[in-house]
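Peer 1: The listed protein sequences derive, respectively, from chains A and B. Quick note: the first sequence uses the numbering used here, first residue 26, plus one each step. Quick note: the second sequence uses the numbering used here, first residue 138, plus one each step.
Don't read these hints as lab results, they were simulated from the structure. None of the values given here were measured: they were computed from a predicted structure. Just so you know, not all the hints are guaranteed correct.
[To be verified] BS3-like, lysine-lysine: derived pairs with alpha carbons at most 27 Å apart: (1) B/Lys206 to A/Lys75; (2) A/Lys266 to B/Lys236; (3) A/Lys573 to A/Lys599; (4) A/Lys599 to B/Lys206; (5) A/Lys75 to A/Lys266.
Given next are the chains, with one letter for each unit.
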Amino acid sequence: MKLELQKGSRSRILAGLLFAIVGIFIIRLFYLQVIQHDYYVALANSEQVKLLTLPAKRGVIYALDGSTPVQLVLNQTVYKVIADPYTTTDDKKIVDVVRRIAGGNARANIESLLDNKESRYAILATKVSRAQAEKIKEEGLAGIIFREQTQRVYPEGSLAAQTLGFVDFEGAGKYGIEGGLNDRLIGKEGLLKTVTDVSSIPLTIGDRNINRPAVDGENIVLSIDRNVQSHAEQALDAGLKRTGATQGSAIVMDPQTGKIIAMANLPTYSPAEFNKVQDGALFNNPIVSVPYEAASVIKTLTLSTGIEKGVIGLNSTYVNTDSITVDDRVISNATKGQTGTITFQHGFTWSLNTSTVTIAERLGDGQKVTRQARDTMYDFFVNKFGMGRFTGVEVSGEAAGTVVPPENVEGNAVRYSNMSFGQGMNVTMVQVASAFCSIVNGGQYYKPTVIAGKVDSSGTYIPNDNPEPIRRTISANTSEQMRIANQTSRALFDAKYDLKGFTIGGKTGTSQVIENGVYSQDESIGSYIGFGGDDTPRYVIMIQLSGKDKKLQGERDAMPVFTDISNWLLDYYKIQPKM
Amino acid sequence: MSYYQRNPEFTSRRQQNWSRNQNTVAFVSSVKLGPVAHTVLVALMITVLGLIYLTQATRATSYDYESQKIDSQIADLSTQKTDLEIENARLTALETVKKSTVAATLQAPSNTQFVGE
Numbered sequence: 026m027k028l029e030l031q032k033g034s035r036s037r038i039l040a041g042l043l044f045a046i047v048g049i050f051i052i053r054l055f056y057l058q059v060i061q062h063d064y065y066v067a068l069a070n071s072e073q074v075k076l077l078t079l080p081a082k083r084g085v086i087y088a089l090d091g092s093t094p095v096q097l098v099l100n101q102t103v104y105k106v107i108a109d110p111y112t113t114t115d116d117k118k119i120v121d122v123v124r125r126i127a128g129g130n131a132r133a134n135i136e137s138l139l140d141n142k143e144s145r146y147a148i149l150a151t152k153v154s155r156a157q158a159e160k161i162k163e164e165g166l167a168g169i170i171f172r173e174q175t176q177r178v179y180p181e182g183s184l185a186a187q188t189l190g191f192v193d194f195e196g197a198g199k200y201g202i203e204g205g206l207n208d209r210l211i212g213k214e215g216l217l218k219t220v221t222d223v224s225s226i227p228l229t230i231g232d233r234n235i236n237r238p239a240v241d242g243e244n245i246v247l248s249i250d251r252n253v254q255s256h257a258e259q260a261l262d263a264g265l266k267r268t269g270a271t272q273g274s275a276i277v278m279d280p281q282t283g284k285i286i287a288m289a290n291l292p293t294y295s296p297a298e299f300n301k302v303q304d305g306a307l308f309n310n311p312i313v314s315v316p317y318e319a320a321s322v323i324k325t326l327t328l329s330t331g332i333e334k335g336v337i338g339l340n341s342t343y344v345n346t347d348s349i350t351v352d353d354r355v356i357s358n359a360t361k362g363q364t365g366t367i368t369f370q371h372g373f374t375w376s377l378n379t380s381t382v383t384i385a386e387r388l389g390d391g392q393k394v395t396r397q398a399r400d401t402m403y404d405f406f407v408n409k410f411g412m413g414r415f416t417g418v419e420v421s422g423e424a425a426g427t428v429v430p431p432e433n434v435e436g437n438a439v440r441y442s443n444m445s446f447g448q449g450m451n452v453t454m455v456q457v458a459s460a461f462c463s464i465v466n467g468g469q470y471y472k473p474t475v476i477a478g479k480v481d482s483s484g485t486y487i488p489n490d491n492p493e494p495i496r497r498t499i500s501a502n503t504s505e506q507m508r509i510a511n512q513t514s515r516a517l518f519d520a521k522y523d524l525k526g527f528t529i530g531g532k533t534g535t536s537q538v539i540e541n542g543v544y545s546q547d548e549s550i551g552s553y554i555g556f557g558g559d560d561t562p563r564y565v566i567m568i569q570l571s572g573k574d575k576k577l578q579g580e581r582d583a584m585p586v587f588t589d590i591s592n593w594l595l596d597y598y599k600i601q602p603k604m
Numbered sequence: 138m139s140y141y142q143r144n145p146e147f148t149s150r151r152q153q154n155w156s157r158n159q160n161t162v163a164f165v166s167s168v169k170l171g172p173v174a175h176t177v178l179v180a181l182m183i184t185v186l187g188l189i190y191l192t193q194a195t196r197a198t199s200y201d202y203e204s205q206k207i208d209s210q211i212a213d214l215s216t217q218k219t220d221l222e223i224e225n226a227r228l229t230a231l232e233t234v235k236k237s238t239v240a241a242t243l244q245a246p247s248n249t250q251f252v253g254e
């Protein structure tokens, strides 16, 4: 039998109605799924697909303890305790729990924060440790959430603060190594683009997921030895108290590699509390960033130049009259009375300005500091010893200083005469110490560095290769004579303070301070640079002490700090004395 | 006799041309399935296949949760490790060592002798 709905029957009407509804559905679905396809896919993706940034861990900074790396700056995960006052129920308990567990990290005004029920976000405590956060979680407080954040931790407190620098609240390294090597320390953030569920848990469904893992920052090992650094800071602090100086710096270098073993500056600050520092100048590392007139310690450079060029020897003589005329200026000695025919060694030992001006003259025609003499001095001071040039040390904020070239009008005979004893040019301590390393190590200039190596992801220390010298400054023979000159200089005045049986030499420097364009009579900076060891120089130390309206001297004030560190280092390095 | 039942005397055309290893008898079920039954069976098969697909897809997602759980444990353990490293660094810091009771009892050597190597 053939089934057929009769025309006009209710079944036929119902069938027609159903076809119409289905038709509407089909048209609507076609519109939604085909015509509006892209729109709804985008809408779904915005709901389901999350773009998550995978944070990279900032590299850990190590110092050395002898030859073993020790962590100096680490990362710690801490938490912010955040309340949604709109949803919190037992505010009294929240106040009690947060105060009891978070202690000093809790905000003082928790009650008022929770009372503001219109707010949906109130930070109740910051820098809460994981253990503290766990305890708060155990209390099961409604309306409380935790936000993870990372902070730098300094187990050694303010040790080497100006060398380390700090990381600001945006996670950027500032000053010191944190600033100078920020690109190496910061790592590279990863990216995760994926479909997530309502709890933001990534799911593997979907064919456009991206998972690019984060690359953690490099773990850097500094050449700073924490024991030497600590003693240098201690000796410097004692020096400041003894002399009344308000600022002091000390740098210890290995002259055979150019590695910086310690860089101490006082006053200092705590990198963990960088935000509490009132004076921004404290963040600078004056050893690399504050050029000054280093005064008589520069005589080591002038004497080296004279010997290297063959115009003088340590036993060559000149007539000292305690003053010398250059053009229209009279240059006098600070120490009077060593007059007559004296050797250049004698002039160096007594730090006579006339001796170095005479060397400058002999670099020319022997009568005047000619252009040829100035060119030679500039070549040695700048191109060889690196005065007035960036050394490339990795600490941020390095200053180049200033050495006026001889072709400038200001680069005249008077200036170069002054430069021969350390006035009229601005240099940094790291420049002078690096140059001095080359003067006593046989004439090889090494780039100063604070980097000893790195620690890989498995925790293995990978030391850098031994650095190669980047240029020769003077010959080995001149270097040998310079060691003798410095030893002789120290032997006359200061050898009584040294441990016996070691080779120790050094040079003082007392710089006048320029105020309003003229040298002040009320303020001076005391400096001392020297080396120590056995037959081979094992360390170079440079000290600088200064203070507003303080007349500080190299011999009286800076030298004892050198002696303190030097004697301690001889024991620390277990150098055997020659008996 | 059913139409499908074979008469032993019946000789099919195939049998007439049979050769070795060829079936000479065909089985025909006595159960007949109509169009409705076919439709139901197809619907059931589609449902079963759908369920299989869903279970597999859900299983992949359950692995995601498992993976997330493990990642979370790794992160937690990593944080604990870092906390322990920090504690270790604090306990072995120079200031801590200097202030320790052991350090307080140390004395400076009165005499140092050097032994040749």
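Peer 1: All the hints need checking, so say for each whether the structure fits it.
Peer 2: Tested hints:
A threshold of 27 Å between alpha carbons decides the hint, and for B/Lys206 with A/Lys75 the separation of about 18 Å falls inside it, so the pair holds. As the CA atoms of A/Lys266 and B/Lys236 are separated by approximately 22 Å, the hinted pair is consistent with the 27 Å bound. Of the pairs offered as hints, the one joining A/Lys573 and A/Lys599 is violated, with about 39 Å between alpha carbons and a cut-off of 27 Å exceeded. Restraint check for A/Lys599 and B/Lys206: not satisfied, since their Cα atoms lie roughly 53 Å apart, outside the 27 Å limit.
Restraint check: the Cα-Cα separation between A/Lys75 and A/Lys266 comes to about 60 Å, which exceeds 27 Å; the hinted pair is violated.
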